[in-house]
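Engineer: Sequence:
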Amino acid sequence: MRRTLLFRVLACTVAAATAVTAIPTAAAAGGTPGNQPLPGYTIVNPPLTPATVDGRPTTVRQGTHRHAAYVIEVPAKWNGDLVMWAHGYRGQGTVLTVDPPAYGLRQKLLDRGYAWAASSYSGNGFDIRAGVVSTKELTEHFGTVVRRPHRTYIAGVSMGGYVIGRSLEEYPRLYDGGLPMCGVMGDQRLIDYFLDYQLTSEALSGITTYPAGADYLTAVVPAVQQKLGIATITPVAPEPANPLGQQFRDITVNQSGGPRPGAAAAFAYWKNFLFSLSAPAASSETPAQDPGLISTNLFTRYKPNTPVDVNRSVRRVAPEEPYQRLSRRLTQVPKIEGRPRVPVLSLHGLGDLFVPFGNELQYKADVDRNGRGRLVVQRAIRSTEHCEFSPTEVGTAWDDLVTWVRHDRKPAGDRLDPKSVAAPDYGCRFSDRAAYTTGTRRLYAACA
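Taken in order, the sequence shown gives residues -28 to -1, 1 to 420; the numbers are from mature numbering (1 follows the signal peptide of the UniProt record, and there is no 0).
Calculated directly from the structure, the hints in this document are not laboratory data. One should not assume that every hint holds.
[Stated by the list, open to error] If you anchor each label on the Cβ, the simulated ranges turn out as follows:
hint : residue 1 : residue 2 : range
1    : Arg120    : Pro231    : 42 to 50 Å
2    : Gly12     : Gly185    : 25 to 33 Å
3    : Thr190    : Gly27     : 25 to 33 Å
4    : Gly343    : Asn244    : 36 to 44 Å
5    : Val67     : Arg341    : 37 to 45 Å
6    : Lys391    : Arg344    : 20 to 28 Å
7    : Pro22     : Gly230    : 41 to 49 Å
8    : Ala394    : Val118    : 41 to 49 Å
[Said to hold, decoys possible] Calculated lysine-lysine pairs in the BS3-like style (CA-CA distance at most 25 Å, straight line):
hint : residue 1 : residue 2
9    : Lys80     : Lys108
10   : Lys199    : Lys275
11   : Lys307    : Lys108
12   : Lys336    : Lys275
13   : Lys336    : Lys382
14   : Lys275    : Lys80
15   : Lys391    : Lys336
Just so we're clear, the structure is a prediction, and the values are computed from it rather than from any experiment. Ideal placement from N, C-alpha and C gives every residue a C-beta, glycine not left out.
Using the sequences and the accompanying hints, generate a full structural model.
Structural biologist: What follows is the structure, given as structure tokens:
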């Protein structure tokens, strides 16, 4: 309902916006050859040492295709299937690099006979379009330099999850299954969540934070944290010192996925980092460089709404780039409609507040609205750092996805209704018990 209302209210501005808003394309590179990076970028793609499978080395191919670096690895006994790996956010740097599949997945895939390929994408920044197109082009290139695969899967992390979610809709016949992990499955609404954090802190503290100025991190944020009583809280002592801070924490918890195990500790763990996301952007020419250009809270309702009536006092912000916000095209920061045609199995950390668990709730609502719920399985992991998964959690998810795709046996997942999510043992079902002593796992009670 909120997305529909936003579309109707802002649609009248699109005609004007399209007159002044340009969507950069590869054609703007001035005819740069496809085996070279686009202007302003350089490629670093050092030789990858082949893995060993059953005593035999794999075949590694590396190069540049359509302005993006790539790595392809094929085992000697290839089973005919391919896994595309979609990497996460690289920042705004100008060096293009390639990641192999993480969490021990590279070796696991090769041991099982799968080939894998990964692209640097043709550009950095929060450019989902670059990830979607470069990954698709590398998939096609694999068919040319190796052989057309029987099945093609796509897996990845963080922003790579966003790439997966949109890829499955942009090219619905290209992939046979998706494994997004800690993914931005809520699309543009992640940027809204970052804006919510800044604007609700302003409404509760009475200190102007938007738009962020040069002294935002050095003077404004410390004053806000002091006023809200959250300056010294820690994951082991997470209680804010006053009701204003408690309301701010509870609003953030609700905006990030609702009450759930570890939420208070997660707020304390992430609070400083979330403020840093509102610092002024070095460049704001496109949403890929400054995603805040498309963020909005025009119709957001915050809760709890006491002791301060935040819904009345909060500053309301419209997107500066309404065309990019509303378009159904493959823009730099596009929509995910929730229309997959193939099985999707996702993993998400409960306490991750950078790409919060609420992304899974949003994606579920989207796919359910489109009658595709049967194609999505979601699993919660009791961790707080971004993309904090064990090899066991990822390997199990991969095996279950493959069984689903090849034998039509849908695996189990977690329920995402509020009562289930708020249960003290939520996330225990698929969390690796052996990983409990690592990372942020100890912020949660041990599972039975």
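Engineer: Tell me the numbers of any earlier hints that the structure contravenes, in ascending order.
Structural biologist: Violated: hints 3 and 14.
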